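Under this note's numbering, the first residue of the sequence shown carries the number 2, and numbering increases by one thereafter.
Just so you know, these hints were derived from the structure itself, not from any lab.
Remember, predicted model here, so these are calculated numbers, not experimental data.
By construction, the Cβ of each residue, glycine as well, lies at the ideal position given by its N, Cα and C atoms.
Fair warning: there could be bad hints in the mix.
[What the hints assert, rightly or not] Calculated cross-link-like contacts (lysine-lysine; reagent style DSSO-like; alpha-carbon spacing at most 27 angstroms): (1) K27 to K8; (2) K15 to K42; (3) K15 to K27; (4) K42 to K25; (5) K35 to K25; (6) K8 to K35.
[Unchecked claim] What follows is a list of derived Cβ distance ranges for each label pair: (7) T19 to D54: 17 to 25 angstroms; (8) Y69 to Y34: 31 to 39 angstroms; (9) Q11 to E64: 16 to 24 angstroms; (10) D54 to I14: 14 to 22 angstroms; (11) N58 to K35: 14 to 22 angstroms; (12) E78 to K15: 26 to 34 angstroms; (13) R75 to E33: 32 to 40 angstroms; (14) R75 to K12: 34 to 42 angstroms; (15) I53 to E9: 13 to 21 angstroms; (16) T72 to N6: 13 to 21 angstroms; (17) E64 to K27: 18 to 26 angstroms; (18) Y48 to F5: 29 to 37 angstroms; (19) T65 to Y34: 13 to 21 angstroms; (20) E78 to E9: 18 to 26 angstroms.
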Amino acid sequence: YGTFNLKERQKHIKDVTTLVMSRKPKQCNFIEYKDMKIVYKRYASLYFVTAIDNDENELLVLETIHRYVETLDRYFENVDNYIELLF
2 YGTFNLKERQ
12 KHIKDVTTLV
22 MSRKPKQCNF
32 IEYKDMKIVY
42 KRYASLYFVT
52 AIDNDENELL
62 VLETIHRYVE
72 TLDRYFENVD
82 NYIELLF
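From just these sequences and the hints, can you work out the full model?
Now the structure itself:
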């Protein structure tokens, strides 16, 4: 876990968003970014993104994202529709 000031955090968010959104659907869900890895998964119109250390297991993180989305889907019945209502 690392802390960043607001300017650094905004730069990381912009960089990672650009990287993830520019990827094609058939490409790998892992991206190397600076001294970490970005693991992401798209569900409908939502992207779930996690930054991990280089020595962590990417597949385990991908499975964790999947379980998290399943839990949200069960609780809210349709995560995508619920998130769209919030924004």
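Hint check:
Restraint check for K27 and K8: not satisfied, since their Cα atoms lie roughly 32 angstroms apart, outside the 27 angstroms limit. For the given pair, K15 sits about 17 angstroms from K42 by alpha-carbon distance, which is consistent with the 27 angstroms threshold. Using a Cα cut-off of 27 angstroms, the hinted pair K15 and K27 holds, with the two alpha carbons roughly 22 angstroms apart. Proximity of K42 to K25 is assessed by CA-CA distance (about 12 angstroms); at most 27 angstroms being required, the pair is judged to hold.
Restraint check for K35 and K25: the C-alpha separation of about 21 angstroms stays at or below 27 angstroms, so the hint holds. Between K8 and K35 the CA atoms are separated by roughly 17 angstroms; this keeps the pair inside 27 angstroms, and the hint holds. About 22 angstroms separates the C-beta atoms of T19 and D54, a value consistent with the hinted range of 17 to 25 angstroms. Take Y69 and Y34: their Cβ atoms lie about 21 angstroms apart, and the range 31 to 39 angstroms is violated.
With their beta carbons about 30 angstroms apart, Q11 and E64 fall outside the hinted range of 16 to 24 angstroms. For the pair D54 and I14, the beta carbons lie near 19 angstroms from each other, so the given range of 14 to 22 angstroms is met. In this structure the hint that N58 and K35 lie 14 to 22 angstroms apart at CB holds, the actual value being about 19 angstroms. Judged by the Cβ atoms, the range 26 to 34 angstroms given for E78 and K15 holds: they are separated by roughly 33 angstroms.
Between R75 and E33 the beta carbons are some 33 angstroms apart, a value that agrees with the proposed interval 32 to 40 angstroms. A hinted range of 34 to 42 angstroms for the beta carbons of R75 and K12 is consistent with their spacing of about 35 angstroms. At roughly 18 angstroms, the beta carbons of I53 and E9 sit within the given window of 13 to 21 angstroms. Checked against the hint of 13 to 21 angstroms, the C-beta distance between T72 and N6 comes to roughly 32 angstroms, which is inconsistent with it.
Separated by about 20 angstroms at the C-beta atoms, E64 and K27 satisfy the suggested range of 18 to 26 angstroms. A C-beta distance of roughly 20 angstroms is found between Y48 and F5, which places it outside the suggested range of 29 to 37 angstroms. Checked against the hint of 13 to 21 angstroms, the C-beta distance between T65 and Y34 comes to roughly 19 angstroms, which is consistent with it. As the Cβ distance of E78 to E9 is approximately 37 angstroms, the hint placing it in 18 to 26 angstroms is violated.
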